[in-house]
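Enquirer: These protein sequences, in sequence, are chains A and B. Residues in the first sequence are numbered consecutively from 148, following the working numbering. Residues in the second sequence are numbered consecutively from 459, following the working numbering.
No wet-lab data here; the hints were simulated from the structure. Owing to the predicted nature of the structure, the values given are computational and were not obtained by experimental measurement. We put the CB at the ideal spot given by N, CA and C, even for glycine. Hints should not be assumed to be uniformly reliable.
Only part of the chain B face toward chain A is listed, based on derived beta-carbon distances under 7 Å [unchecked claim]: (1) Leu501; (2) Gly521; (3) Phe548; (4) Phe563; (5) Gly566.
DSBU-like cross-link-like pairs, simulated, lysine-lysine; straight-line CA separation at most 35 Å [to be verified]: (6) A/Lys148 / A/Lys255; (7) A/Lys255 / A/Lys189; (8) B/Lys472 / A/Lys215; (9) A/Lys148 / A/Lys215; (10) A/Lys255 / B/Lys467; (11) B/Lys467 / A/Lys148; (12) A/Lys189 / B/Lys472; (13) A/Lys215 / A/Lys255; (14) A/Lys245 / A/Lys215; (15) B/Lys467 / A/Lys245; (16) A/Lys245 / A/Lys255; (17) A/Lys189 / A/Lys215; (18) A/Lys189 / A/Lys148; (19) A/Lys189 / B/Lys467; (20) A/Lys245 / A/Lys148; (21) A/Lys245 / A/Lys189.
Which stretches of chain A does chain B cover? Using the computed rule of at least three CB atoms under 8 Å from a CB of chain B, they are [said to hold, decoys possible]: (22) 185-199; (23) 234-248.
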Amino acid sequence: KQEVTQIPAALSVPEGENLVLNCSFTDSAIYNLQWFRQDPGKGLTSLLLIQSSQREQTSGRLNASLDKSSGRSTLYIAASQPGDSATYLCAIYSGTYKYIFGTGTRLKVLA
Amino acid sequence: NAGVTQTPKFQVLKTGQSMTLQCAQDMNHEYMSWYRQDPGMGLRLIHYSVGAGITDQGEVPNGYNVSRSTTEDFPLRLLSAAPSQTSVYFCASSQDRPSNQPQHFGDGTRLSIL
Numbered sequence: 148k149q150e151v152t153q154i155p156a157a158l159s160v161p162e163g164e165n166l167v168l169n170c171s172f173t174d175s176a177i178y179n180l181q182w183f184r185q186d187p188g189k190g191l192t193s194l195l196l197i198q199s200s201q202r203e204q205t206s207g208r209l210n211a212s213l214d215k216s217s218g219r220s221t222l223y224i225a226a227s228q229p230g231d232s233a234t235y236l237c238a239i240y241s242g243t244y245k246y247i248f249g250t251g252t253r254l255k256v257l258a
Numbered sequence: 459n460a461g462v463t464q465t466p467k468f469q470v471l472k473t474g475q476s477m478t479l480q481c482a483q484d485m486n487h488e489y490m491s492w493y494r495q496d497p498g499m500g501l502r503l504i505h506y507s508v509g510a511g512i513t514d515q516g517e518v519p520n521g522y523n524v525s526r527s528t529t530e531d532f533p534l535r536l537l538s539a540a541p542s543q544t545s546v547y548f549c550a551s552s553q554d555r556p557s558n559q560p561q562h563f564g565d566g567t568r569l570s571i572l
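Pulled out of the complex, with its shape left as it was, chain B reads as follows:
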């Protein structure tokens, strides 16, 4: 079972570059989200989606864009990378809204901005 798949696993960027972190799930989950994990700060929500065509901002959305054209995919775009965006990024999904179902996480993308 693939679950939630994130690519790439590692990436190094230069300041100002743009890139897209990929997230795909094969469980037909409606709810998907992106978190970043920084030392000493826990996971913080960047953006989320409650279904295809519907996205909304989380706690720390600045500098990131998302789209949800299909149920399966939820890419995260860094528009102009900054050193403050160095982090580990996790994608998560759940069958229903988080109040009812546990979330499933990918293995993360470790991103360094030089």
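Next up, chain A with everything else stripped away, as it sits in the complex:
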């Protein structure tokens, strides 16, 4: 059974710092991995989608990597800003029309 873990559960960093969020999963047989952002009281916004055949995806200051053999993905945020404060979720798609979500990392960027 696929399990997705995100550590740490919460993180506070000063503005301008580069940071890495971690996502680990137990079964390497995946189709894709997706990183989401969730603001308080809001839904999820898709940030990056990495297919199983890809190693990384980039969008602006965000870079997500995928290493299936080790069961890990990282989301790198460059030059963090207070507006980046949110909860970041990773989700694994292993088939059967179902994503398995991690419980998220709550990020606070201090001005």
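With chain A held as given, fit chain B onto it using these hints.
Expert: For chain B alone, coordinates are given in the frame of chain A:
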């Protein structure tokens, strides 16, 4: 762009009442799904649909019904509300099966069962 629209945003029910959570998308997406989000447990799939007239159960379907009469709408029905169904409910859609396309989420319905 409306995207995925969920109504209502907030609802309080008494145990045993029934209600329908509405979800509509204007992107002509075939795949739609319902999740519930509970503290410390992540999002869990309740039901999903791969097109009009086709629905199937997810991870936690008990106590919920769905139907998909049109491509645009995917309502979630609580048959007899229980306190354990207090949660935040999210509807999501994607153009194709989730293996190929990112999912788009609504802003959620916050439901409390007393």
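Enquirer: Each hint needs a verdict: does it hold in this structure or not?
Expert: A quick look at each hint next to the structure:
1. A hinted interface residue such as B/Leu501 counts as satisfied when its beta carbon comes closer than 7 Å to some beta carbon of chain A; here the least separation is about 4 Å, so the hint holds.
2. Hint status for B/Gly521 relative to chain A: violated, with the closest Cβ pair at about 18 Å, above 7 Å.
3. Evaluation of the B/Phe548 hint against chain A yields a held restraint, the C-beta minimum of about 6 Å falling below 7 Å.
4. Interface hint at B/Phe563: satisfied, since its Cβ lies 4 Å from the closest Cβ of chain A, which is below the 7 Å cut-off.
5. Interface restraint check: B/Gly566 against chain A, minimum CB-CB distance 5 Å, threshold 7 Å, status holds.
6. Only pairs whose Cα atoms come within 35 Å are accepted, and A/Lys148 paired with A/Lys255 is accepted, the gap being roughly 32 Å.
7. This hinted pair checks out: A/Lys255 and A/Lys189 have alpha carbons roughly 16 Å apart, not beyond 35 Å.
8. Between B/Lys472 and A/Lys215, the direct Cα distance comes to roughly 46 Å. Violation of the 35 Å bound is thereby established for this hinted pair.
9. Under the criterion of a C-alpha separation no larger than 35 Å, the hint pairing A/Lys148 with A/Lys215 is consistent with the structure, at around 16 Å.
10. In summary, the hint linking A/Lys255 to B/Lys467 is supported, as the alpha carbons are separated by about 26 Å, within the 35 Å threshold.
11. Proposed proximity of B/Lys467 and A/Lys148 is supported: the alpha carbons are some 33 Å apart, at most 35 Å.
12. Between A/Lys189 and B/Lys472 the CA atoms are separated by roughly 25 Å; this keeps the pair inside 35 Å, and the hint holds.
13. In summary, the hint linking A/Lys215 to A/Lys255 is supported, as the alpha carbons are separated by about 28 Å, within the 35 Å threshold.
14. For the hint linking A/Lys245 to A/Lys215, the alpha-carbon distance of about 18 Å falls within 35 Å, and the restraint holds.
15. Pair hint B/Lys467 plus A/Lys245 holds up; C-alpha atoms about 24 Å apart against a cutoff of 35 Å.
16. For the suggested pair A/Lys245 and A/Lys255, the alpha carbons sit about 29 Å apart, so the restraint of at most 35 Å is met.
17. Restraint check for A/Lys189 and A/Lys215: satisfied, since their Cα atoms lie roughly 30 Å apart, inside the 35 Å limit.
18. With a C-alpha separation of about 29 Å, the suggested pair A/Lys189 and A/Lys148 falls inside the 35 Å cut-off, and the hint holds.
19. Restraint check for A/Lys189 and B/Lys467: the C-alpha separation of about 10 Å stays at or below 35 Å, so the hint holds.
20. Our distance criterion of 35 Å between C-alpha atoms is met by A/Lys245 and A/Lys148, whose separation comes to about 13 Å.
21. Using a Cα cut-off of 35 Å, the hinted pair A/Lys245 and A/Lys189 holds, with the two alpha carbons roughly 21 Å apart.
22. Residues of the segment 185-199 of chain A with a Cβ under 8 Å from some Cβ of chain B number 7, which satisfies the need for three, so the listed coverage holds.
23. Look at the segment 234-248 of chain A against chain B: 9 of its residues bring a Cβ nearer than 8 Å to a Cβ of that chain, three or more, so the hint holds.
The earlier numbered hints that this structure contradicts are 2, 8.
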